[in-house]
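Each residue of the sequence shown is one higher than the last, beginning at 1 in the UniProt record's numbering.
Read the hints as simulated data drawn from the structure, not as lab findings.
Take the hints with a grain of salt, since some may be wrong.
In silico lysine-lysine, DSBU-like type, Cα no more than 35 Å apart, as pairs [claimed, not checked]:
1) Lys53 - Lys231
2) Lys46 - Lys249
3) Lys277 - Lys244
4) Lys148 - Lys249
5) Lys83 - Lys198
6) Lys105 - Lys249
7) Lys148 - Lys105
8) Lys134 - Lys83
9) Lys224 - Lys237
10) Lys277 - Lys101
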Amino acid sequence: MLTRRDFIHRAAAFTASSMLPYSLLKTTRINNIGVQLYSFRDAMAKNPVGTLKMIADIGFKEIESARSRDGHYYGLSPAEMKKACQDLGMTLRSGHVHLDKQWEKTMDEAAESGQEYLICSTMPSNGQTVDNYKRVAEAFNKAGEECKSRGLKFGYHNHEYEFESEGGQVLYDVLMDHTEPDLVHMELDLGWVVVAGKDPLDYFDRYTGRFPLWHLKDMNMQKKESTEFGKGGLDIKTMLQSQKASGVKYIFVEQEEYAVSPEQSMRDNLAYLDRLKY
Numbered sequence: 001m002l003t004r005r006d007f008i009h010r011a012a013a014f015t016a017s018s019m020l021p022y023s024l025l026k027t028t029r030i031n032n033i034g035v036q037l038y039s040f041r042d043a044m045a046k047n048p049v050g051t052l053k054m055i056a057d058i059g060f061k062e063i064e065s066a067r068s069r070d071g072h073y074y075g076l077s078p079a080e081m082k083k084a085c086q087d088l089g090m091t092l093r094s095g096h097v098h099l100d101k102q103w104e105k106t107m108d109e110a111a112e113s114g115q116e117y118l119i120c121s122t123m124p125s126n127g128q129t130v131d132n133y134k135r136v137a138e139a140f141n142k143a144g145e146e147c148k149s150r151g152l153k154f155g156y157h158n159h160e161y162e163f164e165s166e167g168g169q170v171l172y173d174v175l176m177d178h179t180e181p182d183l184v185h186m187e188l189d190l191g192w193v194v195v196a197g198k199d200p201l202d203y204f205d206r207y208t209g210r211f212p213l214w215h216l217k218d219m220n221m222q223k224k225e226s227t228e229f230g231k232g233g234l235d236i237k238t239m240l241q242s243q244k245a246s247g248v249k250y251i252f253v254e255q256e257e258y259a260v261s262p263e264q265s266m267r268d269n270l271a272y273l274d275r276l277k278y
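My request is simple: use the sequences and hints to build the entire structure.
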């Protein structure tokens with residue numbers, strides 16, 4: 001497993017050796033950091049509009065939804081979700097979905113909600129094999145075409161397991177190599193990449209510009225669970241200095257476990273970013 005010390009040393013060596021051109025290491029500071037609503041899953045299930053107001057009060061302007069037991073919009077219609085966000089000065093930018101039998105309905109709802117991205121949040125079929133990941137890549141390319149025809153963008157969000165290997169091939173790399181960049185837009189969860197023992201900077205180098213969305217998530221490396229910024233194994237400053245190489249447009253903070261509460265953790269996370277020099 002890649003420890004925090006190992007990761008920091010690798011990141012420093014990566015920058016010092018200029019493996020990326022200087023122009024790709026320069027960054028434009030993203031002011032409107034977004035949030036993945038799974039971070040507030042219990043509150044969203046009980047009171048979606050009230051919770052969105054609380055999230056707006058914290059300071060978030062960009063929103064990514066997550067599939068829930070009450071649908072993709074927490075019991076609200078797509079139009080109601082869109083209006084609730086707009087009334088609070090927020091934008092529903094993206095949403096986590098499944099590529100399943102409800103796919104046509106999912107796309108129709110997304111178009112009605114006004115969101116830009118539909119992100120498949122889990123492998124749509126089982127099998128940690130190269131052949132399966134090639135089949136999934138074909139399905140993703142098709143989904144990307146279908147989304148594009150509706151004015152949407154399709155993408156995929158990783159966890160840890162995609163970085164397992166078969167026959168010397170990293171499965172996530174197979175997925176990258178067999179998906180069309182203009183059809184499948186990757187959302188890189190930086191925390192899970194590091195937990196898997198991989199280096200996000202390596203992916204930014206080899207697949208420059210392929211990651212328009214990020215999940216910015218610090219991780220407790222021993223427990224393999226999320227934590228507040230600065231407490232885990234992700235070198236957040238180095239990540240933010242590499243925005244241009246990755247092609248990121250929208251950064252969503254996600255945290256599933258908390259020291260106190262989701263609200264306090266997110267306030268702490270934004271305060272950490274405000275203090276960070278990058």
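How the hints compare with the structure:
{"no.": "1", "hint": "Lys53 - Lys231", "in the structure": "28 Å, holds"}
{"no.": "2", "hint": "Lys46 - Lys249", "in the structure": "31 Å, holds"}
{"no.": "3", "hint": "Lys277 - Lys244", "in the structure": "17 Å, holds"}
{"no.": "4", "hint": "Lys148 - Lys249", "in the structure": "18 Å, holds"}
{"no.": "5", "hint": "Lys83 - Lys198", "in the structure": "40 Å, violated"}
{"no.": "6", "hint": "Lys105 - Lys249", "in the structure": "27 Å, holds"}
{"no.": "7", "hint": "Lys148 - Lys105", "in the structure": "15 Å, holds"}
{"no.": "8", "hint": "Lys134 - Lys83", "in the structure": "39 Å, violated"}
{"no.": "9", "hint": "Lys224 - Lys237", "in the structure": "21 Å, holds"}
{"no.": "10", "hint": "Lys277 - Lys101", "in the structure": "46 Å, violated"}
Checked against the numbered hints given earlier, this structure breaks hints 5, 8 and 10; the rest are met.
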